Amino acid sequence: METFSTAMTMAVGLLAGFDADLMEIIGLSLRVSLSAVLMAALIGLPLGAALALYRFPGRGLVMVGLDALMGLPPVVVGLVVYLVLSRSGPFGVMGLLFTPTAMIMAQTLLVIPIVAALTRQVVEDLWAEYSEQLRSLGAGPGRALPAMLWDARFTLTTAVLAGFGRASAEVGAVMIVGGNIDHVTRVMTTTIALETSKGDLALALALGLVLIALSLSVNGAAHALRRHAARGFA
Amino acid sequence: MKAANDLAEAGVQAADRADTILPLAVKDVAYVIDGKRLIDGIDLTFAAGPRTIVLGPNGAGKSLLLRLCHGLLQPSSGRVTWQGPSAGEARQRQAMVFQKPVLLRRSARANVDYALKLKKVAREDRRRITEDVLARTGLAAVAETPARLLSGGEQQKLALARAWALQPEMLFLDEPTAHLDPAATAAVEAIVGDMRAQGTRIVMTTHDLGQAQRMADEVAFLHKGRLMETTQADQFFDHPQSGEAAAFLRGELRW
Numbered sequence: 001m002e003t004f005s006t007a008m009t010m011a012v013g014l015l016a017g018f019d020a021d022l023m024e025i026i027g028l029s030l031r032v033s034l035s036a037v038l039m040a041a042l043i044g045l046p047l048g049a050a051l052a053l054y055r056f057p058g059r060g061l062v063m064v065g066l067d068a069l070m071g072l073p074p075v076v077v078g079l080v081v082y083l084v085l086s087r088s089g090p091f092g093v094m095g096l097l098f099t100p101t102a103m104i105m106a107q108t109l110l111v112i113p114i115v116a117a118l119t120r121q122v123v124e125d126l127w128a129e130y131s132e133q134l135r136s137l138g139a140g141p142g143r144a145l146p147a148m149l150w151d152a153r154f155t156l157t158t159a160v161l162a163g164f165g166r167a168s169a170e171v172g173a174v175m176i177v178g179g180n181i182d183h184v185t186r187v188m189t190t191t192i193a194l195e196t197s198k199g200d201l202a203l204a205l206a207l208g209l210v211l212i213a214l215s216l217s218v219n220g221a222a223h224a225l226r227r228h229a230a231r232g233f234a
Numbered sequence: 001m002k003a004a005n006d007l008a009e010a011g012v013q014a015a016d017r018a019d020t021i022l023p024l025a026v027k028d029v030a031y032v033i034d035g036k037r038l039i040d041g042i043d044l045t046f047a048a049g050p051r052t053i054v055l056g057p058n059g060a061g062k063s064l065l066l067r068l069c070h071g072l073l074q075p076s077s078g079r080v081t082w083q084g085p086s087a088g089e090a091r092q093r094q095a096m097v098f099q100k101p102v103l104l105r106r107s108a109r110a111n112v113d114y115a116l117k118l119k120k121v122a123r124e125d126r127r128r129i130t131e132d133v134l135a136r137t138g139l140a141a142v143a144e145t146p147a148r149l150l151s152g153g154e155q156q157k158l159a160l161a162r163a164w165a166l167q168p169e170m171l172f173l174d175e176p177t178a179h180l181d182p183a184a185t186a187a188v189e190a191i192v193g194d195m196r197a198q199g200t201r202i203v204m205t206t207h208d209l210g211q212a213q214r215m216a217d218e219v220a221f222l223h224k225g226r227l228m229e230t231t232q233a234d235q236f237f238d239h240p241q242s243g244e245a246a247a248f249l250r251g252e253l254r255w
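Protein chains in written order, with our numbering: chain A, 1 to 234; chain B, 1 to 255.
None of these hints come from the bench; they were simulated from the model. Take these hints with a grain of salt, some might be off.
[As the list claims (entries may be wrong)] Derived contacts from chain A toward chain B, CB cut-off under 10 Å, selection only: (1) 130; (2) 134; (3) 150; (4) 152; (5) 157; (6) 186.
In this text the structure is predicted, and so the values were computed from the model without any measurement. Quick reminder that beta carbons are idealized off the backbone N, C-alpha and C, glycines included.
Full structure from sequences and hints, please.
Here it is in C-alpha cells:
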C-alpha cells in the first residue's frame with residue numbers, strides 16, 4: 001500500500017510539473033487517436049448512412065459483419081496491419097511499420113466499424129420517420145444522405161466520441177504496429193503496459209489518471225450533447 | 001378586391017396550363033398486404049378544378065389511397081396514371097402534406113429552401129419564393145427559428161409553405177388538421193384555399209364532417225377500402241347515394 005501512495009504522489013508530481021516525457025506521450029496519443037477518429041468518421045459516417053438508405057443484395061450480411069467487427073480484438077487488427085506493412089507485406093516498401101502513421105492506420109480500422117454500425121442504426125431510425133416526406137419531395141437515397149447525416153448530427157457526434165473512446169483506450173493494435181519505441185511510437189496505453197511490467201508505477205499511474213480524465217470528459221461531452229439535442233434542436 | 005382578382009387570375013392561368021398532368025386516373029386499383037385487400041377495385045378520376053374531399057371512417061383506406069395516388073406506394077394491381085406530354089414529370093408537379101409534419105432539423109426558412117434545392121431551383125429564385133411563401137403563411141417572423149421548436153400549428157403551416165413553394169399542380173393533404181386546435185385548423189384551411197385560388201388541385205382526406213362541408217366541391221366516400229360514391233358536395237351532404245355514406249353522416253356507421 002505504501003508503494004501505491006508513493007507512486008500516487010509521484011504521479012501527481014509528474015502531472016503538476018508538466019513532465020516533458022509525460023507530455024510527449026500524451027501528445028502523441030492524442031495525435032494518433034484523433035487522426036484515426038477523423039479518418040474513421042470520414043469513412044464510417046457516409047458508409048453507415050449508405051447502408052441505412054440503400055437496399056442491395058447481401059445488405060444483411062454486411063450489417064451483421066459490421067456489428068461483429070465492432071467487437072474486433074485490437075491485437076487482431078494490429079496483426080493484420082503488421083502483416084500488410086511488414087517488409088515482406090504488400091505495402092512493405094513504404095516503410096511505415098513502427099511509425100505513428102501505422103498506428104493511425106490500425107486505429108482507423110478499429111474505429112470504422114464502430115462509427116459505421118452506430119451511424120447505420122441512427123440513420124435507419126431517422127429514415128423511418130423521414131422517408132415518406134423526403135420521397136414526396138423527390139429525394140432519393142443519394143440526395144437524402146447528406147440531409148440525414150446533418151439531421152442526426154447530435155446523435156452521430158456521440159457515435160464518433162464512442163470511437164474516440166475505443167481508440168484512446170486500446171493497447172493491442174498500437175503495441176504491435178508501433179512497437180512502443182521511446183520518443184517515437186510510445187503512447188499512453190503502451191507506456192502503462194511497459195512501466196507496470198517494469199514495476200515503475202509512477203509514470204503508469206499518471207498516465208492512467210489522464211486516461212480516466214479523458215474518458216470522463218468524452219462521456220461528459222456526449223451527455224451534454226444528448227441534453228442539448230433533447231431540447232428540440234435535434 | 002384587387003388582390004382577389006390577382007389571385008383569381010393566377011388561378012385561371014395555372015388551370016389553363018397547356019401541359020397539364022391532369023386528370024389523374026385511378027383504374028381498378030387494389031392494395032393488398034398479407035392477403036388483406038386494404039384498398040380494392042378503386043376507379044376514380046381527378047380532373048382539373050374542384051376540391052375533392054376523401055371522406056370515410058377510420059381504417060377506410062383514405063390515407064392509403066392518397067399514398068397510392070402520390071406514388072409513395074405501388075398498387076398491387078391496377079394503375080395510377082397522369083396525363084399529357086409532361087406525365088413523366090408528375091413527381092415534380094405534385095406535393096403532399098402529412099398528418100404529422102416531418103420537418104428537417106434546421107430553420108423554417110431552410111426547410112422551404114431544401115425542398116426547392118431538391119427541385120434544382122436557382123439560388124435567387126429560391127430566396128424570392130421562400131420569402132413569398134413564408135409571408136403568405138404568416139411565418140415570416142419565425143423564418144430563422146429551428147423548425148422543431150415551432151408550435152404544432154406553425155409546423156403544419158410550414159409544411160404547407162414548403163408544399164406551396166413547389167407550386168404543385170396537385171396537392172394531396174392527409175388529415176392535415178387532425179392534431180390541431182380550431183384556430184390553427186382555420187389557418188390551414190385558409191392556406192389551402194389560397195393555394196386552390198392559385199390553381200392547385202386539392203385532394204384532401206378528413207374524417208371531420210364540418211371540415212368536409214366547409215371545403216369540399218366533391219366528396220369521394222370510402223368504406224372498408226372500397227369507393228362507395230363520388231358525389232357533388234351539396235348533394236352528398238343532403239342525399240348521399242350509398243347507405244354507408246348515409247349511416248356515416250348520421251354517425252351510425254359501424255366498421
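List, from low to high, the hint numbers that the structure doesn't satisfy.
-> Failing hints, ascending: 5, 6.
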